[in-house]
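Protein chains: 2
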Amino acid sequence: MKRLFIVGAGPGGPEHLTPAASEALRSSTDLVGYGVYLDLLGELTAGKNCHRRPLGDEIGRGRLALDLAAAGQSTALISSGDAGIYAMATVVFELLDREPKKAWRQIETEVVPGISAIQAVAARVGAPLSHDFCTISLSDLLTPWDLIERRVIAAAQADFVVAFYNPASQDRHWQLTRAVAILARHRPPETPVVLARDITRKNEMVKIEPIKSVNLSEVDMRTLVLVGNSETRRVSRWIYTPRGYGKPENGA
Amino acid sequence: MKRLFIVGAGPGGPEHLTPAASEALRSSTDLVGYGVYLDLLGELTAGKNCHRRPLGDEIGRGRLALDLAAAGQSTALISSGDAGIYAMATVVFELLDREPKKAWRQIETEVVPGISAIQAVAARVGAPLSHDFCTISLSDLLTPWDLIERRVIAAAQADFVVAFYNPASQDRHWQLTRAVAILARHRPPETPVVLARDITRKNEMVKIEPIKSVNLSEVDMRTLVLVGNSETRRVSRWIYTPRGYGKPENGA
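As given, the protein sequences belong to chains A and B, one line each in that order. If you're matching positions, the first sequence starts at 1 in this note's numbering and goes up one per residue. If you're matching positions, the second sequence starts at 1 in this note's numbering and goes up one per residue.
It is worth saying that the hints were derived from the structure and are not from the lab. Check each hint, because a few of them may be wrong.
Only pairs whose alpha carbons sit at most 25 Å apart, straight line, appear in this in silico SDA-like list of lysine to any residue [what the hints assert, rightly or not]:
1. A/Lys202 x B/Lys102
2. B/Lys48 x B/Gly35
3. A/Lys102 x B/Gly35
4. B/Lys102 x A/Lys101
5. A/Lys2 x B/Arg234
6. B/Lys102 x A/Lys2
7. B/Lys2 x A/Lys102
8. A/Lys2 x B/Arg172
9. B/Lys207 x B/Leu147
10. A/Lys101 x B/Arg237
11. A/Lys202 x B/Gly35
12. A/Lys207 x B/Gln106
FRET-style restraints, in silico, Cβ to Cβ [as the list claims (entries may be wrong)]:
13. A/Asn203 x B/Ala181: 46 to 54 Å
14. A/Gln106 x B/Arg185: 38 to 46 Å
15. B/Asn215 x A/Leu142: 33 to 41 Å
16. A/Trp145 x B/Ser236: 27 to 35 Å
17. B/Ser236 x A/Thr29: 21 to 29 Å
18. B/Lys207 x A/Leu147: 24 to 32 Å
19. A/Lys212 x B/Arg178: 31 to 39 Å
What you are looking at is a predicted structure, and each value in this text was computed from that prediction instead of being measured. Glycine included, every Cβ here is placed at the ideal spot set by N, Cα and C.
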């Protein structure tokens, strides 16, 4: 059988790599991924054919993984976080849809979910995602800014907790400032904003600042930015978004 | 040290329980949770003091876990899925905030994230969450319906992929029908809707139907309902939400 695993390797720390993901890696001969993600797997890559590819060449990585699997190599295509959240799974299905090579169609594909960055960050700071939330990528490389801004405005008006993926890059900064300003118009000035980088990895960084004065200047492409809704609160070193259990009418 | 782990045990299959979660369970003497979730842990509960509590008594479970930890028992409070997504973590922080018992404040608390139902479902069907998405709970027990509907309308207008948690219960059905009808007004008739129950458990069920004719009558509280955005497509037995790599101008 020709096999391709699309594996979510989690935020980085091996303690968050699921047994299903470990097993998919163990049973593969070939691993395809961005070099940094492969390096994070440590000993799990020993003895494997490691195909390290640069960031940005997602289509190339997807094609390589499909071609390897079609050639009979048990292959794992690695994403950090969850393979299905702004990651490699969609690239594979898009290729299968638009370039339906006969050899690719014989591959048994399996998607293995993983702990996404947003979940690792939320756990570190408390329970900010405990009510309705949305994720928005601020990269306008593949999505027009008009649509992105429409989503930010909708999230602001409907009071979703918001997680921004791809918040900034070397050449892209104004989008995050603008998005946070939109949310700030609809939320109390003390609303907590979480800035987090490399969670569960070496050099982990996490800050919580009020939306009225949050400093966004050091946000880069590896930073995850999470903005509470109008009810997200602090308690000692934690933040949480209440579900309403504590309201007297709910019998708490 | 007085310790409380708030553990996300994943969707059910042991292959998705992270090493961090396993280790938290192993190092605890007392486990608190809804009985069904504890049963899913199998051998990991052997030799532990298991405190099985009914669904619906979230506050009771939270208080019990805090009291056990404060009394010096290493305690794990178990949620299915991710402990921070519509689950027990927020209950603990809400209790710490509103009932600041001195004994509770001495507890070292750690939240351990887990694979949520939405991720396990997405992986089974392909990559529906690969662009901006939101989660909305349809339970109006603790949240007024007006706010829930406002969020559904915002998600519809801004073309988010939508995952509905708590879509229905024995006494609550019209909300899901209404919410899906709102989305249907803004999406093509063939937009895929995923209905999934007990993913990774015995009796796993998953269906994909077009929004124009989806049958919602068998949706219950254990079902997760996921609605694609206007671009979510089928390819063979999979669905995916494109990120735009395949568009000619993006060099694919």
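Here is how each hint holds up against the structure:
1. A/Lys202 x B/Lys102: At roughly 34 Å apart (the allowed maximum being 25 Å), B/Lys102 and A/Lys202 break the hint.
2. B/Lys48 x B/Gly35: 14 Å, holds
3. A/Lys102 x B/Gly35: Not satisfied, since the Cα-Cα distance of roughly 48 Å exceeds 25 Å.
4. B/Lys102 x A/Lys101: 65 Å, violated
5. A/Lys2 x B/Arg234: With a Cα-Cα distance of about 22 Å, the restraint between A/Lys2 and B/Arg234 holds, given a limit of 25 Å.
6. B/Lys102 x A/Lys2: 59 Å, violated
7. B/Lys2 x A/Lys102: Given that 25 Å is the threshold and the Cα spacing comes to 59 Å, the pair is violated.
8. A/Lys2 x B/Arg172: 45 Å, violated
9. B/Lys207 x B/Leu147: 29 Å, violated
10. A/Lys101 x B/Arg237: 16 Å, holds
11. A/Lys202 x B/Gly35: 37 Å, violated
12. A/Lys207 x B/Gln106: Holds - the C-alpha atoms of B/Gln106 and A/Lys207 are around 23 Å apart, at most 25 Å.
13. A/Asn203 x B/Ala181: 46 to 54 Å: 48 Å, holds
14. A/Gln106 x B/Arg185: 38 to 46 Å: 40 Å, holds
15. B/Asn215 x A/Leu142: 33 to 41 Å: 34 Å, holds
16. A/Trp145 x B/Ser236: 27 to 35 Å: Check passed, 33 Å falls within 27 to 35 Å.
17. B/Ser236 x A/Thr29: 21 to 29 Å: 25 Å, holds
18. B/Lys207 x A/Leu147: 24 to 32 Å: 29 Å, holds
19. A/Lys212 x B/Arg178: 31 to 39 Å: Roughly 37 Å apart at Cβ, these two residues keep to the hinted range, so it holds.
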